[in-house]
Amino acid sequence: MPHNGAVSADLADDTGTPAPAAPPRARRRGLTSIEALALLLVFGLTARPGLTDLFAAPVAQAWSARFVAVCVQAFPFLVLGVALSAAISAFVPADFFHKAVPKRTALAVPVAGVAGAVLPACECASVPVAGALVRRGVAPAAAFTFMLASPAINPIVVVSTFVAFPGNPEMVAARVSASLLAAVTIGWLWAKLGKTEWLRLPQHRHHEDGRWAAFWDAIRHDFLHAGGYLVIGAAIAASLNTLVPETWLAPIADDPVLGVLALAVLAVLVSICSESDAFVAASLTQFSPTAKLAFMVVGPFIDVKLAAMQAGTFGRRFAARFAPAAFIAAVAAAVLMGAVWL
Amino acid sequence: MRRDAQAVVLLLVGGGMLRLAWTGDYLDYVKPYAFWLIVPAGILLVAVAAITGVQAWRGSRETDDGHGHGEPKVAWLLLAPVVGMLLVAPDALGSYEAERTGTVLGAEESRSSYPELPDDVDPVPLTLLDYAARAIFDEGQTLEGHRIQLRGFILYDGDEPQLARMVVSCCAADARPVKIGFDGEVPADLEPDQWVEVVGEYSPRQGRDEINGELVPYIEVESITAIEAPDNEYQ
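First to last, the protein sequences are chains A and B. For the record, in the first sequence the residue sitting at position 135 is 135 according to full-length UniProt numbering, with numbers rising by one throughout. For the record, in the second sequence the residue sitting at position 184 is 184 according to full-length UniProt numbering, with numbers rising by one throughout.
Honestly, the hints are just simulated from the structure, not real lab data. Keep in mind that a hint or two might mislead.
Stretch by stretch, here's where chain B covers chain A in the computed footprint (C-beta under 8 Å, at least three residues) [what the hints assert, rightly or not]: (1) 47–58; (2) 63–75; (3) 227–238; (4) 295–306.
Not the full set, but computed from the structure, chain B residues with beta-carbon under 10 Å of chain A [said to hold, decoys possible]: (5) Leu-44; (6) Leu-45; (7) Val-82; (8) Val-88; (9) Ala-89; (10) Glu-97; (11) Val-121; (12) Val-124; (13) Val-167.
Even for Gly, the Cβ is constructed at its ideal location relative to N, Cα and C.
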């Protein structure tokens, strides 16, 4: 590690230079969070040699590399998502969605599914955007369909799937149709069975200071909130990727039914970003095409990182019901479209 | 969590990302194009931190943050990736991972023809994935008659040293190795994770990766030279 020596100096630099971060006056109320933070930082700097030793073991190195990798890859998309969601909250007039979204939920759901194609980002961005839509009065059923469809059918994902399966455009068609089908099914299912009391949306304050203040406030709040849950998901995904040996997969791959289920479960566990899961699916060569399709349809719908973020955005009671429903719908749609296309 | 602590956390996350971009260490975790995602996101987070800090400094906090309990405690967890990025700074994945993961070839599989290698370059530098695909799916037809140069790190499959490189499609969490065996005389003192430049010729010999049963191509070794690890260790 060539940068070791410089890191602590840089860290001190990071915290020290920009003036606004370290306000001098703190109001007394026991151990305030700024003091707790300062203590943690001092501890982090003094314990650094110990940390380096602790993380010198190859397993720990591999774990932390994966953990940091998931975070560094996902944060920009999360920032994009919370910025979009904050812009929707702050700048889009409330009646816009009443006009733009069809009145009847049964019709709004498929429209929202197709509209998902316009947000060219992965699932980390679509969760906060869906939260903002619900808060803005869009029917939850339509917002959830948008949330599920967008990371699966947007142009970036379609192109990367096309590249990952060269000479195999049926795979792209199967992926898009299966994802749309499952997303619309979930939307209709929510319209029939969903209860609003399962939802616990974090409230945003109304701002007298104007729209920009509301915008920055929403970004700060949503990033801190969803980011914290993203970290939980990243830690779980890194643990599973590092600790579950790949040799467990080989005997399962030969069975057509088990193969589909195994890759569907794998997609939940490894939490790969939807923009790249096609490449990973393509490299799982022992498995059947339908199993690979299931991997790509389930991943953007539900995985450990997403479940944590959905619990944070919509509440735990919602997540506990939504996650299994999304999983079953995704697997069923993948099997169906696999039979049609592959 | 109070406003001023929030500002510090946001600054640390944003600053940590900008630092990875500045030092180039981000290449240990994500693809090169991610630079253009990390930098704007980092700048935006630092801006949010600055605005939050100014608000806190002016004391313009609305009492108790609106709804009693302030911001979610879960935000403290954002310090974990900060510790990871700035203090632990793990290296790129290497032989430890590669020895536990099956070799990849999948994505290159169904290409129907491979372009001829240039005749005026000797040896011809190839990526490990390209060499493996040409050797296995094209039976080495385009490799015959050329000296090939490969760069990767060393790993051990049992007692047998192999050349490997991690292939990353999105971020290091999905890294998978592509492995190539050595045919012929190999120095006995190859250390795992040592980066080497191998010059050699196509060998028809093939083995199997025990982990996932994929084919592993071989190269007839002419020379193996130790080199520095490249900036981007992934492919």
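Okay, the hints, checked on the actual structure:
With a cut-off of 8 Å between beta carbons, the region 47–58 of chain A has 5 residues touching chain B; three or more are needed, and the interface restraint holds. Counting residues of the region 63–75 of chain A whose CB lies closer than 8 Å to any CB of chain B gives 11, so the stated coverage by that chain holds, three being the minimum. Note: the region 227–238 of chain A has 9 residues with beta-carbon separation from chain B under 8 Å; the three-residue rule is met and the coverage holds. As drawn, the region 295–306 of chain A meets chain B at 0 residues by the rule of a beta-carbon pair under 8 Å; below three, the given contact is violated.
Interface hint status for Leu-44 (chain B): upheld, as the beta-carbon distance to the closest one in chain A is roughly 6 Å, under 10 Å. The beta carbon of Leu-45 (chain B) comes within 6 Å of a beta carbon in chain A, closer than 10 Å, and the hint placing it at the interface holds. For the restraint placing Val-82 (chain B) at the interface with chain A, the shortest Cβ-Cβ distance is roughly 9 Å, inside the 10 Å limit, so the hint holds. A distance limit of 10 Å between C-beta atoms decides the matter here; for Val-88 (chain B) the minimum to chain A is near 5 Å, and the interface restraint holds.
With a least beta-carbon distance of about 6 Å to chain A, the hint placing Ala-89 (chain B) at the interface is held under the 10 Å criterion. Because the beta carbon of Glu-97 (chain B) sits about 5 Å from the nearest beta carbon in chain A, less than 10 Å, this interface hint is met. Interface restraint check: Val-121 (chain B) against chain A, minimum CB-CB distance 26 Å, threshold 10 Å, status violated. The interface hint given for Val-124 (chain B) is violated, since its Cβ lies 23 Å from the closest Cβ of chain A, which is over the 10 Å cut-off.
Because the closest C-beta pair between Val-167 (chain B) and chain A is about 8 Å apart, less than 10 Å, the hint holds.
Checked against the numbered hints given earlier, the structure breaks hints 4, 11 and 12 and satisfies all the rest.
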